[in-house]
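Engineer: Chain by chain, the residues run as shown.
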Amino acid sequence: DVKVTQSSRYLVKRTGEKVFLECVQDMDHENMFWYRQDPGLGLRLIYFSYDVKMKEKGDIPEGYSVSREKKERFSLILESASTNQTSMYLCASSLPGGRRETQYFGPGTRLLVL
Amino acid sequence: SQQGEEDPQALSIQEGENATMNCSYKTSINNLQWYRQNSGRGLVHLILIRSNEREKHSGRLRVTLDTSKKSSSLLITASRAADTASYFCAASNTGNQFYFGTGTSLTVIP
Numbered sequence: 001d002v003k004v005t006q007s008s009r010y011l012v013k014r015t016g017e018k019v020f021l022e023c024v025q026d027m028d029h030e031n032m033f034w035y036r037q038d039p040g041l042g043l044r045l046i047y048f049s050y051d052v053k054m055k056e057k058g059d060i061p062e063g064y065s066v067s068r069e070k071k072e073r074f075s076l077i078l079e080s081a082s083t084n085q086t087s088m089y090l091c092a093s094s095l096p097g098g099r100r101e102t103q104y105f106g107p108g109t110r111l112l113v114l
Numbered sequence: 001s002q003q004g005e006e007d008p009q010a011l012s013i014q015e016g017e018n019a020t021m022n023c024s025y026k027t028s029i030n031n032l033q034w035y036r037q038n039s040g041r042g043l044v045h046l047i048l049i050r051s052n053e054r055e056k057h058s059g060r061l062r063v064t065l066d067t068s069k070k071s072s073s074l075l076i077t078a079s080r081a082a083d084t085a086s087y088f089c090a091a092s093n094t095g096n097q098f099y100f101g102t103g104t105s106l107t108v109i110p
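Respectively, the protein sequence lines represent chains A and B. Letter by letter, the first sequence follows residues 1 to 114 in the working numbering. Letter by letter, the second sequence follows residues 1 to 110 in the working numbering.
Everything labelled a hint here was simulated from the structure, so no lab data went into it. Backbone N, C-alpha and C define an ideal beta-carbon position, used for all residues, glycine too. Hints are not guaranteed to be accurate.
What the hints assert, rightly or not - With a Cα cut of at most 30 Å, we get these calculated DSSO-like pairs of lysine-lysine:
| # | chain 1 | residue 1 | chain 2 | residue 2 |
| --- | --- | --- | --- | --- |
| 1 | A | 3 | B | 56 |
| 2 | A | 55 | A | 70 |
| 3 | A | 57 | A | 18 |
| 4 | A | 53 | A | 3 |
| 5 | B | 26 | A | 55 |
| 6 | A | 18 | A | 53 |
| 7 | A | 3 | A | 71 |
| 8 | B | 26 | A | 57 |
| 9 | A | 57 | B | 70 |
| 10 | A | 13 | A | 3 |
| 11 | A | 3 | A | 70 |
| 12 | A | 55 | A | 3 |
As the list claims (entries may be wrong) - Which chain B residues stay away from chain A? Per the calculated CB distances, all over 10 Å, these:
| # | residue |
| --- | --- |
| 13 | 12 |
| 14 | 20 |
| 15 | 26 |
| 16 | 55 |
| 17 | 61 |
| 18 | 71 |
| 19 | 78 |
| 20 | 108 |
| 21 | 110 |
To be verified - Facing chain B, a subset of chain A residues (Cβ under 8 Å, in silico):
| # | residue |
| --- | --- |
| 22 | 42 |
| 23 | 43 |
| 24 | 90 |
| 25 | 101 |
| 26 | 107 |
| 27 | 108 |
Isolated chain A, as found in the complex (with noise of 0.2 Å):
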């Protein structure tokens, strides 16, 4: 069974500090992914990845940053964290398209920033 694992399930932090989410996955997938949830708004795509070292900006990136330097990593940095950025955080990984396109997500990790 795939298994995508994140750092930390809850998170309080203040706003200014840098956070970092992390997401490991096990099943050797190119493509990761993280999305935040917010009630109302669905999932929201911030970052992708296709590939080690890879990035492509999704829906919503202002604020965020990523870094992939392993295959089974996939980091979301907050920069300078902000209140409207409370939320949860998701991560995903699947194989590339045309093959299984199926999403395997993480637990979540539910950010509030104070």
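Since the structure of chain A is provided, determine the placement of chain B on it from the hints.
Structural biologist: Below, chain B alone, put in the same frame as chain A:
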């Protein structure tokens, strides 16, 4: 940009009844998927239907796809209390990106 839109936003039914959720999307797709999310957890893949398919079954799940109307429906038959969750559709065009809707919150009353 949001590609999927579920309807209704919330649904409450009695155990044993069928639950139907609808999804509309905006552009051409390669496939459409349905996911389930229990409260405070990640999403779990339920079923995938490709653009050249019209109907697909998996256990108590039945998915239909109408590409001319850009819509899909998810039917859960003989619902159980454990089916209580949020359900999301996700439209995929190239296969590398997925566009999720806002979800339908299903409550099954024992």
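Engineer: Are the hints correct? Go through all of them and say.
Structural biologist: Each hint tested on the structure:
1. For the suggested pair residue 3/A and residue 56/B, the alpha carbons sit about 26 Å apart, so the restraint of at most 30 Å is met.
2. Taking the CA atoms of residue 55/A and residue 70/A, the gap is near 12 Å; set against the 30 Å cutoff, the hint holds.
3. In summary, the hint linking residue 57/A to residue 18/A is supported, as the alpha carbons are separated by about 20 Å, within the 30 Å threshold.
4. Between the alpha carbons of residue 53/A and residue 3/A the distance comes to roughly 21 Å, so the proposed pair stays at or under 30 Å and holds.
5. Distance hint between residue 26/B and residue 55/A is fulfilled; the C-alpha atoms sit about 25 Å from each other, no more than 30 Å.
6. Restraint check for residue 18/A and residue 53/A: satisfied, since their Cα atoms lie roughly 21 Å apart, inside the 30 Å limit.
7. With a C-alpha separation of about 14 Å, the suggested pairing of residue 3/A with residue 71/A holds against the 30 Å cut-off.
8. For the proposed pair residue 26/B and residue 57/A, the alpha carbon gap of about 20 Å is at most 30 Å, so the pair holds.
9. With a CA separation close to 26 Å, the supplied pair residue 57/A and residue 70/B stays within the 30 Å bound.
10. Of the supplied pair hints, the one linking residue 13/A and residue 3/A holds, its CA atoms being roughly 27 Å apart against a limit of 30 Å.
11. With a CA separation close to 16 Å, the supplied pair residue 3/A and residue 70/A stays within the 30 Å bound.
12. Distance check on the hinted pair: residue 55/A and residue 3/A sit about 22 Å apart at the alpha-carbon level, within 30 Å; holds.
13. The Cβ of residue 12/B sits about 18 Å from the closest Cβ of chain A, beyond the 10 Å cut-off, so the non-interface label holds.
14. With 10 Å as the threshold on Cβ separation, the claim that residue 20/B sits away from chain A holds: the shortest Cβ distance comes to roughly 19 Å.
15. Here residue 26/B stays apart from chain A, with its beta-carbon at least about 13 Å from theirs, past the 10 Å limit.
16. Residue placement check: residue 55/B keeps its beta carbon more than 10 Å from all beta carbons of chain A (closest about 19 Å).
17. Its beta-carbon lying about 15 Å from the closest one in chain A, residue 61/B satisfies the requirement of being farther than 10 Å from that chain.
18. Interface exclusion of residue 71/B from chain A stands, the closest Cβ pair being 17 Å apart, more than 10 Å.
19. Distance check for residue 78/B against chain A: the nearest CB is about 25 Å away, which clears 10 Å, and the non-interface claim stands.
20. The non-interface label for residue 108/B is consistent with chain A: the shortest C-beta to C-beta separation is roughly 21 Å, beyond 10 Å.
21. Non-interface status of residue 110/B relative to chain A is upheld: no Cβ of that chain comes within 10 Å, the nearest being about 26 Å off.
22. The criterion of a C-beta within 8 Å of any C-beta in chain B is met by residue 42/A, whose closest approach is roughly 4 Å, and the hint holds.
23. Hint status for residue 43/A: holds, given a least beta-carbon distance of 4 Å to chain B, under 8 Å.
24. At a threshold of 8 Å, the smallest CB-CB gap from residue 90/A to chain B is about 6 Å, leaving the interface hint in force.
25. Because the smallest distance between the Cβ of residue 101/A and any Cβ of chain B comes to about 5 Å, under 8 Å, the interface hint for this residue holds.
26. Interface restraint check: residue 107/A against chain B, minimum CB-CB distance 5 Å, threshold 8 Å, status holds.
27. Here the hint on residue 108/A is kept, as its CB sits about 5 Å from the closest CB of chain B, short of 8 Å.
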